[in-house]
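Asker: Spelled out from the first residue to the last, the chains are:
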Amino acid sequence: MSGASGLYVVIGLPLIVALLFFALAWFDRRFGIETGPGFFQRNGLVIGLYLVLSVGFWAFFIIVLPQLAMVDMSFRPKLPPAQMGGPRDLYTLENYRYFLFGSTTSTENWNWLHIKAFFLTIFVSIAITILNFAICYPLAFHMAQSSTTARLRVLLLLLIIPYWVNEILRAFAFRVLLSTSGIVNQALLGSGLVAEPVDFLGADVGLYMGLSYAYLLMMIFPLFNAIESLDKNQIEAARDLGAPWWHIHAYVVMPHAKPGIASGCTLVFMLCAGALAAPLVLGGPRTLWFTPIVYDRFYQAFNWPQGAAYAFILLVTCVMFVLLMLKAFKLSLGEITR
Amino acid sequence: MAAAVELEGVNVTFGDFVAVRDANLVIEPGEFFSFLGPSGCGKTTLLRTISGFIEPTHGTVRIGGQDMKGIGPNKRPTALIFQNLALFPMMTVAENIGYGLRVRGVPRHERDEKVKNLLIQVALSEHGHKRVSELSGGQKQRVAIARALAVEPSVLLLDEPLSALDLKLRQHMRAELRAIQKRVGITFIYITHDQGEALTMSDRIAVMNAGVIEQVGDGRAVYAEPRTPFVASFVGENNSIRGRVTEVSDGMATMDTSLGILRGRNPIGIAPGDEALLFVRPEAMQLHANGSTVGFEGEALDVSYEGSVTHVTLRVRTGQKMMATVHAGAGVALPVAGENLHVGFQPGDGLLLHRPASA
Numbered sequence: 037m038s039g040a041s042g043l044y045v046v047i048g049l050p051l052i053v054a055l056l057f058f059a060l061a062w063f064d065r066r067f068g069i070e071t072g073p074g075f076f077q078r079n080g081l082v083i084g085l086y087l088v089l090s091v092g093f094w095a096f097f098i099i100v101l102p103q104l105a106m107v108d109m110s111f112r113p114k115l116p117p118a119q120m121g122g123p124r125d126l127y128t129l130e131n132y133r134y135f136l137f138g139s140t141t142s143t144e145n146w147n148w149l150h151i152k153a154f155f156l157t158i159f160v161s162i163a164i165t166i167l168n169f170a171i172c173y174p175l176a177f178h179m180a181q182s183s184t185t186a187r188l189r190v191l192l193l194l195l196i197i198p199y200w201v202n203e204i205l206r207a208f209a210f211r212v213l214l215s216t217s218g219i220v221n222q223a224l225l226g227s228g229l230v231a232e233p234v235d236f237l238g239a240d241v242g243l244y245m246g247l248s249y250a251y252l253l254m255m256i257f258p259l260f261n262a263i264e265s266l267d268k269n270q271i272e273a274a275r276d277l278g279a280p281w282w283h284i285h286a287y288v289v290m291p292h293a294k295p296g297i298a299s300g301c302t303l304v305f306m307l308c309a310g311a312l313a314a315p316l317v318l319g320g321p322r323t324l325w326f327t328p329i330v331y332d333r334f335y336q337a338f339n340w341p342q343g344a345a346y347a348f349i350l351l352v353t354c355v356m357f358v359l360l361m362l363k364a365f366k367l368s369l370g371e372i373t374r
Numbered sequence: 002m003a004a005a006v007e008l009e010g011v012n013v014t015f016g017d018f019v020a021v022r023d024a025n026l027v028i029e030p031g032e033f034f035s036f037l038g039p040s041g042c043g044k045t046t047l048l049r050t051i052s053g054f055i056e057p058t059h060g061t062v063r064i065g066g067q068d069m070k071g072i073g074p075n076k077r078p079t080a081l082i083f084q085n086l087a088l089f090p091m092m093t094v095a096e097n098i099g100y101g102l103r104v105r106g107v108p109r110h111e112r113d114e115k116v117k118n119l120l121i122q123v124a125l126s127e128h129g130h131k132r133v134s135e136l137s138g139g140q141k142q143r144v145a146i147a148r149a150l151a152v153e154p155s156v157l158l159l160d161e162p163l164s165a166l167d168l169k170l171r172q173h174m175r176a177e178l179r180a181i182q183k184r185v186g187i188t189f190i191y192i193t194h195d196q197g198e199a200l201t202m203s204d205r206i207a208v209m210n211a212g213v214i215e216q217v218g219d220g221r222a223v224y225a226e227p228r229t230p231f232v233a234s235f236v237g238e239n240n241s242i243r244g245r246v247t248e249v250s251d252g253m254a255t256m257d258t259s260l261g262i263l264r265g266r267n268p269i270g271i272a273p274g275d276e277a278l279l280f281v282r283p284e285a286m287q288l289h290a291n292g293s294t295v296g297f298e299g300e301a302l303d304v305s306y307e308g309s310v311t312h313v314t315l316r317v318r319t320g321q322k323m324m325a326t327v328h329a330g331a332g333v334a335l336p337v338a339g340e341n342l343h344v345g346f347q348p349g350d351g352l353l354l355h356r357p358a359s360a
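Protein sequences, first through last, are from chains A and B.
What the first sequence shows, in this note's numbering, is residues 37 to 374, in sequence order.
What the second sequence shows, in this note's numbering, is residues 2 to 360, in sequence order.
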């Protein structure tokens with residue numbers, strides 16, 4: 037962001053957003069009478085003002101502005117600070133070109149290393165999302181439909197307590213557990229099942245385990261909420277009409293829990309694709325996850341515009357993928373927040 | 002022909018709690034059979050035992066002569082209509098009705114044909130494509146019935162399905178349920194706490210209390226010839242008077258009560274000297290007693306006029322309150338509140354039953 041134009045953006049955009057919110061509130065007060073009391077009548081002037089300003093500030097400074105800054109940066113060349121905003125600071129696609137071709141100028145060769153890492157990240161994230169769903173659905177169903185209150189409490193505690201441990205510590209714990217001299221390998225060697233230690237970390241078993249584990253709760257809770265609201269009688273009615281258990285799940289429970297399934301899967305997929313700690317700590321030497329590449333653009337190559345471009349590519353791809361999936365399952369974005 | 006449902010020594014216990022105690026019952030094919038009892042009496046537990054959601058702790062359930070032990074609800078020739086109906090909200094009306102057929106792998110065209118027929122049967126042919134939420138209460142009721150009938154059960158189980166409806170609709174649905182049962186000719190087992198429902202619809206009624214089937218019989222039998230004090234006071238209004246039997250003769254008994262010497266029928270053969278309860282229906286009470294009745298003095302506390310009948314609340318010498326019903330007719334004098342009356346009844350309208358230890 038540069039000079040005077042940047043200043044306009046920083047001052048002007050918040051102003052526009054704040055005005056927009058005021059306009060909405062005014063509209064609500066003016067025309068809200070038919071549907072009930074207006075916004076300020078409901079909340080009072082002080083709280084109403086506070087809500088408008090704080091939500092406006094939050095929406096703008098925490099969400100919109102940083103993202104806009106990154107998008108803007110991704111279209112600019114890498115320049116020493118002195119030249120920023122100077123005559124050479126022009127909008128360019130060279131950062132995106134670098135992602136595809138491994139060079140800012142030529143389009144001769146594909147940048148297979150990064151492209152492969154990118155698709156690996158997407159596909160493995162999808163696989164982990166599916167795995168996570170497969171692990172969590174039976175548990176969530178049990179918790180929501182057939183568990184007693186006492187057992188439900190214990191299960192919830194058992195699920196939550198491990199997350200008191202910091203994510204990086206958990207990742208390292210997996211590393212210790214799965215290393216060639218770790219407890220798992222010692223047990224396998226001791227029992228005579230394998231002759232040589234298994235390289236779990238090199239085979240990325242550790243990475244997949246760590247990622248699945250890290251986002252388990254993100255899957256369980258939306259599923260649990262969705263399944264819990266299902267009337268038990270519906271399951272019994274289906275059973276009484278002769279349905280085998282898988283049919284009940286496929287045609288009664290899952291259609292009901294669809295919004296929960298979608299929101300759980302979306303969360304896990306997004307978080308997996310954007311995970312940094314687990315790939316850094318647990319990723320095998322032959323695996324290049326995409327997020328560490330983005331990290332390297334920023335802190336190893338000191339090329340912030342390129343990093344921004346990479347991050348933006350990942351973000352857009354993930355959002356597109358999720359929207360496509362929602363469309364495929366005939367769900368609106370509003371439904372997954374229910 | 003084997004009995005539709007046969008219960009033999011069925012006991013259901015949850016921990017220490019005995020929900021059903023030693024139920025023995027034969028329900029005939031094509032019968033409209035009701036279980037009547039207050040909430041918590043075990044009637045729903047018994048229904049769920051028949052449908053297979055609960056395995057009896059002891060005893061045998063036979064359906065169509067076949068022992069149902071170890072056979073799950075999805076494999077039994079029964080269909081259950083739930084109290085809240087439990088229709089599938091994410092399916093259309095037609096999909097709801099066809100669900101049981103889809104599960105059974107009935108081919109699509111055959112299924113559609115059958116669903117269409119059922120929709121006509123329950124007068125919903127215009128609504129097949131609608132969501133369940135778009136229907137009214139009575140229509141939902143009919144969808145639930147059609148969904149259960151679609152799988153051609155030999156026994157249809159109904160768990161108070163009318164309790165959520167308003168009075169008018171409930172009365173209409175009573176007649177409709179009865180008509181459907183006559184038409185399809187299968188056994189209906191109906192659970193209710195509403196004696197009106199049980200009496201109007203059923204061929205036979207089993208009155209339940211605290212897990213025990215107290216009496217089985219047709220509506221007239223459980224109303225006019227109750228065999229336990231619970232049945233006498235649960236089915237319809239009844240007045241009860243405590244006392245000790247002094248003399249027994251010809252199926253009649255004389256009883257010494259705090260209201261004087263009273264007489265009533267003694268169908269279960271209570272012996273002289275036994276403690277007993279004498280039951281008299283409000284409609285058998287005569288407010289202006291004459292020579293042929295036995296009776297006592299009472300004060301009219303409250304007179305509520307309902308047109309065809311008038312309900313009179315009486316207080317007798319012991320302080321106990323009693324009900325009397327006066328039917329409207331030419332020249333029938335209605336009492337006024339506070340009036341002292343000589344109340345009586347024909348000994349043939351009194352009924353003596355054993356007094357339970359707790360009463």
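For the record, the hints were derived by calculation from the structure and aren't laboratory data.
Even for Gly, the Cβ is constructed at its ideal location relative to N, Cα and C.
It cannot be assumed that every hint is accurate.
To be verified - Label pairs and their in silico Cβ distance ranges:
hint	chain 1	residue 1	chain 2	residue 2	range
1	B	113	A	356	38 to 46 Å
2	B	121	A	280	24 to 32 Å
3	B	197	A	80	33 to 41 Å
4	A	80	B	316	31 to 39 Å
5	A	188	B	135	41 to 49 Å
Asker: All the hints need checking, so say for each whether the structure fits it.
Answerer: Status of each hint after checking the structure:
no. : hint                         : verdict
1   : 113(B) to 356(A): 38 to 46 Å : holds (39 Å)
2   : 121(B) to 280(A): 24 to 32 Å : holds (30 Å)
3   : 197(B) to 80(A): 33 to 41 Å  : violated (54 Å)
4   : 80(A) to 316(B): 31 to 39 Å  : violated (59 Å)
5   : 188(A) to 135(B): 41 to 49 Å : violated (35 Å)
Comparing the model with each numbered hint stated earlier shows that hints 3, 4, 5 do not hold.
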